[in-house]
Amino acid sequence: MLGHDVVRDARAIRRRLGAVLSGERSLYWKLTARENLEYFAALYHMPPNETATRISEILEAVHLAERADDYVEKFSTGMRQRLVLARALLPAPALLLLDEPTVGLDPQAARDLRERVLQVRDEGRTVVLTTHYMEEADQLCDRIAIVDHGRIVALDTPAGLKRSLKATEVVRLELDAPAATDAALVERVAAGGTVTHRDCENGSLHLTVHCDSARELVPLVIDVARTVSAEVRNIAVQPISLEDVFISLTGRALRE
Amino acid sequence: MNVADIAGDFRAFGAAARKDWRILRRYPGSFISFIFWPIALPLAFVFQAQAFAGGREDTAAAFAARTGTNEIAGFLFVGWSAYMWLSLILWGPGTSLRTEQIRGSLEAIFMTPASRLVILFGPAVSHLIWAAWIFVVVGLALWIGFGVTIGPFEALRASAVILVATPALYAIGALFAAVVLRFGDVHALVQGVRGLFTAVCGMSFPIIVLPDWGQTLALALPPTYLIADLGAVLLAGTELGRIIGDLAILTGMGVVLALLAVFAFKRTERHARRGGRLAQY
Chain A
0 MLGHDVVRDA
10 RAIRRRLGAV
20 LSGERSLYWK
30 LTARENLEYF
40 AALYHMPPNE
50 TATRISEILE
60 AVHLAERADD
70 YVEKFSTGMR
80 QRLVLARALL
90 PAPALLLLDE
100 PTVGLDPQAA
110 RDLRERVLQV
120 RDEGRTVVLT
130 THYMEEADQL
140 CDRIAIVDHG
150 RIVALDTPAG
160 LKRSLKATEV
170 VRLELDAPAA
180 TDAALVERVA
190 AGGTVTHRDC
200 ENGSLHLTVH
210 CDSARELVPL
220 VIDVARTVSA
230 EVRNIAVQPI
240 SLEDVFISLT
250 GRALRE
Chain B
0 MNVADIAGDF
10 RAFGAAARKD
20 WRILRRYPGS
30 FISFIFWPIA
40 LPLAFVFQAQ
50 AFAGGREDTA
60 AAFAARTGTN
70 EIAGFLFVGW
80 SAYMWLSLIL
90 WGPGTSLRTE
100 QIRGSLEAIF
110 MTPASRLVIL
120 FGPAVSHLIW
130 AAWIFVVVGL
140 ALWIGFGVTI
150 GPFEALRASA
160 VILVATPALY
170 AIGALFAAVV
180 LRFGDVHALV
190 QGVRGLFTAV
200 CGMSFPIIVL
210 PDWGQTLALA
220 LPPTYLIADL
230 GAVLLAGTEL
240 GRIIGDLAIL
250 TGMGVVLALL
260 AVFAFKRTER
270 HARRGGRLAQ
280 Y
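Those sequence lines, one after another, are chains A and B.
To convert, note that position 174 of the first sequence is 173 in numbering that gives the first Met the number 0; the numbers rise steadily by one, no gaps.
To convert, note that position 268 of the second sequence is 267 in numbering that gives the first Met the number 0; the numbers rise steadily by one, no gaps.
Calculated directly from the structure, the hints in this document are not laboratory data.
Computed from a predicted model, the values in this text were never measured in an experiment.
One thing to keep in mind: the hints can contain errors.
[To be verified] With a cut-off of at most 20 Å between alpha-carbon atoms, the simulated DMTMM-like pairs for lysine to aspartate or glutamate come out as follows:
no., chain 1, residue 1, chain 2, residue 2
1, A, Lys29, A, Glu72
2, A, Lys29, A, Asp4
3, B, Lys265, B, Glu56
4, B, Lys265, B, Glu106
5, B, Lys265, A, Glu65
6, B, Lys265, A, Glu72
[Stated by the list, open to error] Every beta carbon over 12 Å from chain B, so not counted as near; a handful from chain A, in silico:
no., residue
7, Glu23
8, Pro47
9, His209
Even glycine gets a Cβ: it sits at the ideal position worked out from N, Cα and C.
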């Protein structure tokens, strides 16, 4: 990693590594923001004559300069998470590890943090981010590895992963159909795309279909429904997302 | 490891101690307990001893013959203050590690280039301030309450005894820290060991009153030498040369326990890191 052996040169690697791992609770709430960073500056072996300046710069970068001398216990969750990011950036790391950095944040704080991550990436640092939020991965990542049961099952750019489904849109259908006609209905809808999910709930048939063009699939569905005396209750069309890729690859819904 | 790493570790050591001290003094309530307990705990034993002795001179003489001092209050205050310091050390490294683990900061700390031993013992240094505080409170209580004065030379000799005993005691603390990383909790073990020390190491009695097996066990434990030697230099005016054998044993125990602690901690730390247990609690 970074040109070092991870076992023999662990210290050399840790010197160039920043990490956001356990979120806001990993801070010392009875210390001020500045005191938290002073402690970690010492742990990172930062020269004492550089510490104060570096801490001021980092606090400025995460918009916490005005609250530098307040106890962390007085901070909001978003501010604490920004301070955790500041701590990770303290050693100017070549590699930054972010473990679900936006969990528990309100939308505004999450967006702010994501913008900071993009800034870090634009500075030329490598960012390794784990997340269950597929939109976040899509927005922030140049390459995404989908991990299932500890194994990488896909590794590509967001666009490449979506292309791997060989479809551009997802159509979700809800139909009221006589039970005996379900199989025939599904078979004929499959002519217009790939049926990736099928279940019955409260007498309604729910289908998820991946297709190249919803404009072509929807008329087909309506025709098929008419011929088997089924009623189309709902049609939703969305572009293929990373969540669809994830489910397609792992066969499971998110957060199971 | 180069000179810059060593210098960095020294600064990190100081920063860890300073961080813990800052947090500690932001909970001012804890100061009250550190005034109350160093006086209340031994005082209860002093009254108990007075009740058992019944004011008879022969019982006081028997006590003096067995302990080398006729200062019953001094003997008990020194024994219990050593016990309180011991408790701080035994709890210190393991508890600070456990606290970091529960807080979620342990992984972040272990991701820095600072030595693990700095992280382990840095916070425990702040406990030395409490230890000094305990000994000052006890000294004042003995002087004001019982007229027992401790001179500067006695205090210096006691400091030397404490210095010699420190590696062995901190090594035991580090062994507890290894248990924390391996099993996640250390309370039951610390309570057990603290109970053993209380029962056989002579905090409130001379170990000569123990059965033979108890004395053998006591002589295998570092606190026994610490407590006996502190009593000897503070209350009986014993010169360090007279207890040089005890100090040599304490030094030897310190070396063996420190090596054992470093080995155990490195093993368990690697196990915890690979098993993802640093952030579990």
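Hints, one by one, checked against the model:
no., hint, verdict
1, A/Lys29 / A/Glu72, "6 Å, holds"
2, A/Lys29 / A/Asp4, "37 Å, violated"
3, B/Lys265 / B/Glu56, "55 Å, violated"
4, B/Lys265 / B/Glu106, "15 Å, holds"
5, B/Lys265 / A/Glu65, "41 Å, violated"
6, B/Lys265 / A/Glu72, "34 Å, violated"
7, Glu23, "9 Å, violated"
8, Pro47, "7 Å, violated"
9, His209, "36 Å, holds"
Consistency note: the structure conflicts with the earlier hints numbered 2, 3, 5, 6, 7 and 8.
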